[in-house]
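*Asks:* Protein chains in written order, with this note's numbering: chain A, 507 to 944; chain B, 456 to 791.
Hints were generated in silico from the structure; no laboratory data involved. These numbers come from a predicted model, not from an experiment. Glycine included, C-beta positions come from ideal geometry on N, C-alpha and C. Be a bit skeptical, because a hint or two may be false.
To be verified - A few chain A positions that, by computed beta-carbon distances, are all more than 12 Å from chain B:
#, residue
1, 567
2, 575
3, 695
4, 732
5, 752
6, 787
7, 794
8, 815
To be verified - Here are the simulated distance ranges between beta carbons:
#, chain 1, residue 1, chain 2, residue 2, range
9, A, 795, B, 676, 49 to 55 Å
10, A, 923, B, 560, 25 to 31 Å
11, B, 632, A, 923, 16 to 22 Å
12, A, 779, B, 769, 48 to 54 Å
13, A, 579, B, 520, 35 to 41 Å
Next come the chains, spelled out residue by residue.
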Amino acid sequence: MRRTRAAAVITLVTALAATVTGCGGGTSTDEGGSNDSPKTLTYWASNQGPNIEADKKILTPELKKFEKETGIKVKLEVVPWSDLLTRILAATTSGQGPDVLNIGNTWSASLQATGALLPWDDKNFEAIGGRDRFVDSAVASAGAEGQPPAAVPLYSLAYALYYNKQMFADAGIDGPPATWDELVADGKKLSKDGKWALGTEGGNLSNNIHQVFALGQQHGDNFFDASGKPTFTTDGNVAAVKQYIDFMAKDKIIAPGNAEYAQNQSLTDFAKGKTAMVLWQAAASTFASQGMKPEDWGAAPVPVPSGTPGTGEQVNSMVAGINIAVFKNTKNIEGAKKFVEFMTSDAEQKLLNKTYGSIPPVAAAQSDPAFAAPDLKVLRDTLAGSAAPLPQVPEESQFETAVGTAVKDLWADAASGTPVTTESVKKRLDKAQQQMQQ
Amino acid sequence: MTSTVTPPVRESGSGADQGDGGARRRRLPRIPDRIRQGGLPYLLLLPAVLLELLVHIVPMVIGIVMSFRELTQLYINNWGNAPWRAFDNYKIAVDFDAPLGEALLHSFYVTCLFTVITVGLSWLFGMAAAVMLQGNFRGRGLLRAVFLTPYALPVYAAVITWAFMFQRDNGMINHVLHNQLGLTDEPSFWLIGDNSFIALVVVAVWKSWPFAFLMLMAGLQNIPRELYEAASIDGAGIWQQIRKITLPSLRPVNQVLVLVLFLWTFNDFNTPYVLFGESAPEAADLISIHIYQSSFVTWNFGTGSAMSVLLLLFLLLVTAVYLVATSRGRKGSGAV
Numbered sequence: 507m508r509r510t511r512a513a514a515v516i517t518l519v520t521a522l523a524a525t526v527t528g529c530g531g532g533t534s535t536d537e538g539g540s541n542d543s544p545k546t547l548t549y550w551a552s553n554q555g556p557n558i559e560a561d562k563k564i565l566t567p568e569l570k571k572f573e574k575e576t577g578i579k580v581k582l583e584v585v586p587w588s589d590l591l592t593r594i595l596a597a598t599t600s601g602q603g604p605d606v607l608n609i610g611n612t613w614s615a616s617l618q619a620t621g622a623l624l625p626w627d628d629k630n631f632e633a634i635g636g637r638d639r640f641v642d643s644a645v646a647s648a649g650a651e652g653q654p655p656a657a658v659p660l661y662s663l664a665y666a667l668y669y670n671k672q673m674f675a676d677a678g679i680d681g682p683p684a685t686w687d688e689l690v691a692d693g694k695k696l697s698k699d700g701k702w703a704l705g706t707e708g709g710n711l712s713n714n715i716h717q718v719f720a721l722g723q724q725h726g727d728n729f730f731d732a733s734g735k736p737t738f739t740t741d742g743n744v745a746a747v748k749q750y751i752d753f754m755a756k757d758k759i760i761a762p763g764n765a766e767y768a769q770n771q772s773l774t775d776f777a778k779g780k781t782a783m784v785l786w787q788a789a790a791s792t793f794a795s796q797g798m799k800p801e802d803w804g805a806a807p808v809p810v811p812s813g814t815p816g817t818g819e820q821v822n823s824m825v826a827g828i829n830i831a832v833f834k835n836t837k838n839i840e841g842a843k844k845f846v847e848f849m850t851s852d853a854e855q856k857l858l859n860k861t862y863g864s865i866p867p868v869a870a871a872q873s874d875p876a877f878a879a880p881d882l883k884v885l886r887d888t889l890a891g892s893a894a895p896l897p898q899v900p901e902e903s904q905f906e907t908a909v910g911t912a913v914k915d916l917w918a919d920a921a922s923g924t925p926v927t928t929e930s931v932k933k934r935l936d937k938a939q940q941q942m943q944q
Numbered sequence: 456m457t458s459t460v461t462p463p464v465r466e467s468g469s470g471a472d473q474g475d476g477g478a479r480r481r482r483l484p485r486i487p488d489r490i491r492q493g494g495l496p497y498l499l500l501l502p503a504v505l506l507e508l509l510v511h512i513v514p515m516v517i518g519i520v521m522s523f524r525e526l527t528q529l530y531i532n533n534w535g536n537a538p539w540r541a542f543d544n545y546k547i548a549v550d551f552d553a554p555l556g557e558a559l560l561h562s563f564y565v566t567c568l569f570t571v572i573t574v575g576l577s578w579l580f581g582m583a584a585a586v587m588l589q590g591n592f593r594g595r596g597l598l599r600a601v602f603l604t605p606y607a608l609p610v611y612a613a614v615i616t617w618a619f620m621f622q623r624d625n626g627m628i629n630h631v632l633h634n635q636l637g638l639t640d641e642p643s644f645w646l647i648g649d650n651s652f653i654a655l656v657v658v659a660v661w662k663s664w665p666f667a668f669l670m671l672m673a674g675l676q677n678i679p680r681e682l683y684e685a686a687s688i689d690g691a692g693i694w695q696q697i698r699k700i701t702l703p704s705l706r707p708v709n710q711v712l713v714l715v716l717f718l719w720t721f722n723d724f725n726t727p728y729v730l731f732g733e734s735a736p737e738a739a740d741l742i743s744i745h746i747y748q749s750s751f752v753t754w755n756f757g758t759g760s761a762m763s764v765l766l767l768l769f770l771l772l773v774t775a776v777y778l779v780a781t782s783r784g785r786k787g788s789g790a791v
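Please put together the full structure from these sequences, using the hints given.
*Replies:* Following this line, the structure appears as structure tokens:
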């Protein structure tokens, strides 16, 4: 009996302690890095290619090249997107992180607010060739306005409408839709015989945010006001979210199963000819890895309410992309800057962006003929003229979770046949906004 | 009982043993009798106590301190300087009229229901399987190994496989239920909407019942066969044997088993996280995911820590009541 009780007490203490340990850790960090370990760097690269192994294969020769040039060895770790933000947060809290890392550009302002990343002021920019080398919109999405950016743009991306040429021809449609009305009309012709017009990733919170942000811009609204306060429930934002969900709920051009997609299944459906269109960023390499030939698909600008994409209400994409940042408490700050300089050099920018199918944020590298391919030209034009950065507010990460979840729940409603109304959309967004304000 | 404990070597050693062996012993530092008799057990426990402090108690104390601070992204880089908020984080967590408190209360209810069903089913399946495998028959070893497989598999790999199987359009569950058996009019959603609760319970039970099976099987093997033989001669049927012999004999095992299953299930994070991602459907929004979201997704570590502490207090209370109740019951019944 005593043994049983002792076992119960030990079990109790261990199991209970585990409930509170999830929030532990944390140290203060230095104000700046040092050069105590000048011969090595640790680099967390985000997963850009079809898989982690592919990324290692792409990046390793480049890192060897850097080592040969500078004598600095770079230890590479490719981190999946699903883990990256949590890993960065853990590193920030503990002070035990990599020297250099990739971040999603939408997180820039949130991570900037932690104070853990090296600010790219004029002096630091000079060390990598100057701020003027980079495209303005890319730098604008690297931190809050009026502050030195928290990172340097590395790969630029934008959304395009990818479409299956054969499915369009079979349905008697001449070319990709330019407006949403055309997309719905074409979608109804395409959605038959077990095939569907448009694919989406209802369970992917970030993707939900990217789509409703662009639609919100088209409805003349933003999700934050000028002072940085959330304005999720404005008429324009509610209409934008409803329009997006209605593609499934009302127009019936998205398969209900897409409501639970979060692992790029919509791209697989596209590659298999199950869906005719998908809104995606630089999907060429993924299509190729799934057996599609370049002539099987086309890319067009994401539709707008009327006319052609442009500024203001004709914005049709967020400024997407990946930035490279330096942890402020690095033990090799000079080496870290050299590495950023190397990764953003014209030659590396051409090579890496070509490989990943993205657009170089370095203006000089964009002149390479490889970036004049039709699909990349769409992305370039979008970035240059009709893309807007997501709100660069410290709460951007919370915004992605709160509104992304609201949209995810609305997809679930649409998929299960629960009516999606203006009121139900507003209620979900209102809850998200109240969560943000606590 | 304070009788002296004397090392047998010193008492029973022969003259030959006391030759050079005795010389060697003389060279060793002598452990004072006081320590050897009273302190040695504590000395041996010391490494475990230190590790326990390091791994659990210190982070727990840090977590409690964090629950009183305003710990957002503005301070996580240097959280020792985060502003003191006294009980504000707790007030936010239990303000059930506001969205955060309302959602916490909802996830608490969901977690209670999930825990009761999962622990109940896990125990039931574990008990049934343990009783079934008591008899001697061919293939018993193989069945034991098969039953324990879910317990041996890495959680992530197992749960992600379930997530694939629960997919609406390509998953095996709908293939069987809808396409092969025709039990549903159309393929069901399991990873979104209300059915997500069922999916969560299925995976959690699948994952935890082998542990119940293992514990109960070990417990059953300690029950003397003669008791069953005597009961059988006296005319007791199978149900009477289970009620009068098996369950009372398993009481100490069950006391620990139910407690462990309760704590593990209530705190289960891996299953919902791998199954649904960082944002679970409302029907399956367990409290562990809710706290994770508050801490690591919305970057409000102070509120997340306050919720963790509240959870700790609740579990402490339930566990204390449980231990007192089960101890009393046992004293009353006179069982060992």
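*Asks:* Can you name, in rising order, the numbers of the hints this structure does not satisfy?
*Replies:* Violated: none.
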